[in-house]
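Participant: Go ahead and model the full structure; you've got the sequences and the hints to work with.
2 protein chains.
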Amino acid sequence: MARDEKVGAPGNKRLRKPAANGVTLQHVAERAGVSTATVSRYLSRPDQVRQARRARIEQAVADLGYIPHGAARALASSRTQTIGAIVPTLDNAIFAQGIHAFQRRLQEAGYTLFIASHGYSLLEERIQAETLLARGVDGMLLIGLDHDPGLYRRLDKLGTPYVSAWSYDRRAERPCIGFDNHKAALAQAGHLLDLGHRRFGVLAGVIRDNDRARDRLEGVRTALNARGVALTPAQVQECPYELGASRAAAKRLLALDPRPTAIVCGNDVIAYGALLECQASGVDVPAEISIVGFDDLPLSEHLQPALTTVHVPSETMGRKAAEFLLARLGGEDPPDKVELAANLILRASTAPR
Amino acid sequence: MARDEKVGAPGNKRLRKPAANGVTLQHVAERAGVSTATVSRYLSRPDQVRQARRARIEQAVADLGYIPHGAARALASSRTQTIGAIVPTLDNAIFAQGIHAFQRRLQEAGYTLFIASHGYSLLEERIQAETLLARGVDGMLLIGLDHDPGLYRRLDKLGTPYVSAWSYDRRAERPCIGFDNHKAALAQAGHLLDLGHRRFGVLAGVIRDNDRARDRLEGVRTALNARGVALTPAQVQECPYELGASRAAAKRLLALDPRPTAIVCGNDVIAYGALLECQASGVDVPAEISIVGFDDLPLSEHLQPALTTVHVPSETMGRKAAEFLLARLGGEDPPDKVELAANLILRASTAPR
DNA sequence: GCGCCAATTGTAAGCGCTTACATTTTTCTG
DNA sequence: CAGAAAAATGTAAGCGCTTACAATTGGCGC
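Protein chains in written order, with my numbering: chain A, 206 to 558; chain B, 206 to 558.
Keep in mind that the hints are not guaranteed to be accurate.
Unchecked claim - Among chain A residues calculated to face chain B with C-beta under 8 Å, some are:
| hint | residue |
| --- | --- |
| 1 | G275 |
| 2 | A276 |
| 3 | T285 |
| 4 | L295 |
| 5 | Q484 |
| 6 | S486 |
| 7 | P539 |
Hints listed in this document are in silico derivations from the structure and should not be mistaken for laboratory results. In this text, all values refer to a predicted model and were calculated from it rather than measured experimentally. Cβ coordinates follow ideal geometry from the N, Cα and C atoms, glycine included.
Facilitator: Right, dumping it as structure tokens:
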């Protein structure tokens with residue numbers, strides 16, 4: 206067995222980097238003249254340590270520059286004080302705001318956030334989730350309600366709290382904090398119908414593995430059907446979340462004869478593509494074509510014309526999702542379905558037919 | 206204390222959640238009829254385990270659904286297989302692409318990424334960094350070269366590899382992989398000068414704690430000075446990375462008499478603000494005013510007029526940064542200053558005076 | 001001051017895994 | 001096939017911390 210292979214000493218053969226920064230709880234305890242248990246308690250529940258010792262420990266911690274060793278803590282306590290979030294993409298702003306609010310709230314409570322992205326692939330999402338779980342996250346945020354069923358089982362089995370954001374479905378069997386995409390899409394289409402439009406084009410996001418895109422498209426269909434407006438396959442274009450693709454899809458819509466007088470978009474980026482394509486083709490918005498988006502990204506209100514779109518309460522959603530997880534981690538049992546409003550904001554990209 | 210509030214086993218007094226998922230290395234070892242050491246070796250360097258046992262272990266792992274316990278691993282090995290990245294913001298797309306590439310590369314090598322943001326505050330950055338270090342990240346990515354000096358000391362002391370991206374300075378004393386912001390700004394302004402512009406407006410990003418914004422502004426100043434063009438304080442507006450603010454700043458520029466014929470922007474979002482403000486005020490771009498941006502966000506080429514801007518090689522930067530860290534972690538000593546090109550892309554928002 | 005109860009502390013057993021070192025097995029030489 | 005070197009395995013000591021439980025202390029009423 207090793208005998209004198211302690212750190213500090215030169216000529217040491219160990220190649221592992223000194224844990225954390227070399228100072229351990231033990232050192233602090235010695236310096237403060239108390240047991241490690243007391244220091245540990247001081248760290249997690251200071252009020253359980255008598256004032257006098259508290260001061261001594263405080264001093265020792267400061268003198269030594271002690272930083273608790275996260276892994277050791279996690280191992281001993283089975284809690285990591287980390288939360289994982291898996292979003293479809295980091296490539297654009299939609300989720301950024303919500304995640305940011307989520308993170309802020311968690312941080313206030315002493316949790317750190319692990320962010321991963323899956324590029325709109327449920328399989329990849331599952332893999333990322335396993336990685337996060339192996340890292341021991343205490344809770345998890347997912348986007349939407351479409352997930353690998355095995356993932357839910359896994360989370361339930363582990364007893365790891367989780368919540369979905371960006372979707373709300375009163376019939377959902379899992380906790381979710383979000384808005385009703387179907388209902389919002391009803392409003393999108395309804396607005397255009399009210400303005401007198403009857404020839405539509407729909408630029409949906411990619412439906413596969415994406416309940417939000419699907420619900421939105423369904424909502425539009427439902428709204429139109431209810432007013433006796435049918436949609437041919439050519440009038441519905443599915444396109445990825447990207448400007449080039451959405452412009453191309455919009456172009457196909459503009460080539461239709463008769464040309465649609467209104468385009469409903471699955472999100473704002475797609476709407477930007479539609480808008481830009483119209484401008485490039487010399488089609489006036491909203492005089493000749495009305496366009497409505499979904500997300501209300503920061504740019505939308507500034508565009509020329511400003512985009513009529515559905516405002517998504519990402520900030521609130523992020524905060525509430527964090528609060529839900531924190532409550533669950535605190536042993537509470539908060540309401541696990543929260544619906545937030547996602548209202549249509551009327552701006553200049555839509556006009557009467 | 207509570208006593209019988211356990212989940213699984215009845216009558217159990219422990220309240221901690223079963224580590225990972227209940228099955229440990231020990232269980233696998235027993236089932237496979239080998240020692241824990243062998244299983245551990247199988248997990249990290251399978252080729253060191255004889256084929257026959259390998260199969261038995263494989264089977265046991267599969268049967269039991271074993272997942273290694275991250276914290277225990279980290280504690281025992283002093284390696285977490287995680288990397289931390291601290292970016293100024295997640296609120297927009299600039300860093301998203303680079304980080305994404307960074308993450309992809311790390312993932313290939315079995316590392317997981319921790320992302321944090323500091324909202325352009327060096328103090329906050331320091332705090333976030335400490336959190337990540339306490340979590341035991343094996344390496345760290347920073348943006349730019351402006352950082353709390355204590356942070357560098359801390360990293361050096363811990364021996365944690367790190368690298369800065371988005372900036373390149375041949376005189377920098379720390380590893381950096383990026384481009385020369387000053388040089389790129391020279392090109393921005395030079396282009397406008399070449400087109401015959403002499404009355405400028407500058408919309409810089411917030412300089413404080415931000416070497417990139419500062420270098421860009423300096424670059425513009427240098428270029429103009431070299432051609433004998435001076436800048437009054439009113440011609441230089443510093444504004445935060447946000448549309449409302451940049452529109453307001455642009456508005457002040459447009460109100461100047463004589464009005465600038467060209468506006469150099471510290472980044473694309475600011476340029477969008479300028480462009481939108483011009484459109485809103487009925488000032489034609491580029492006929493009456495030329496605008497040049499910096500970043501080349503995806504939207505820039507699609508805008509009407511398409512934005513002349515500096516293309517930032519974020520993808521490459523992210524990948525190279527990851528490779529640098531991986532090399533350092535592998536004990537290599539890769540070149541620690543890498544300059545990438547950031548070229549001006551000429552599009553329709555600039556025209557001869 | 002004394003006795004009692006509650007508030008504080010200390011003791012020490014792990015948490016699940018890695019790894020140095022010792023031991024056993026295999027493979028190679030001659 | 002003996003003997004030595006190489007390869008594979010086992011043994012067991014931690015990694016730094018939390019936390020039951022036991023032991024101590026302090027505060028108070030009389």
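Participant: For the hint on A/S486, does the least C-beta distance to chain B fall short of 8 Å?
Facilitator: Hint on A/S486: violated, closest Cβ of chain B at ~11 Å, above 8 Å.
Participant: Is the hint on A/Q484 kept, meaning its closest Cβ partner in chain B is under 8 Å away?
Facilitator: holds, 5 Å
Participant: May I ask you to test the interface hint for A/A276 with respect to chain B, counting a Cβ-Cβ separation under 8 Å as satisfied?
Facilitator: holds, 4 Å
Participant: May I ask you to test the interface hint for A/G275 with respect to chain B, counting a Cβ-Cβ separation under 8 Å as satisfied?
Facilitator: Because about 4 Å separates A/G275 from the closest Cβ in chain B, which is inside the 8 Å limit, the hint holds.
Participant: Under 8 Å is the threshold here; is the Cβ of A/P539 close enough to any Cβ of chain B for the hint to stand?
Facilitator: violated, 19 Å
Participant: Just to be careful: measuring from the Cβ of A/T285 to every Cβ in chain B, is the smallest value less than 8 Å?
Facilitator: holds, 7 Å
Participant: Any CB of chain B closer than 8 Å to the CB of A/L295?
Facilitator: Constraint on A/L295 satisfied, holds at 5 Å.
Comparing the model with each earlier hint shows violations of hints 6, 7; every other hint is respected.
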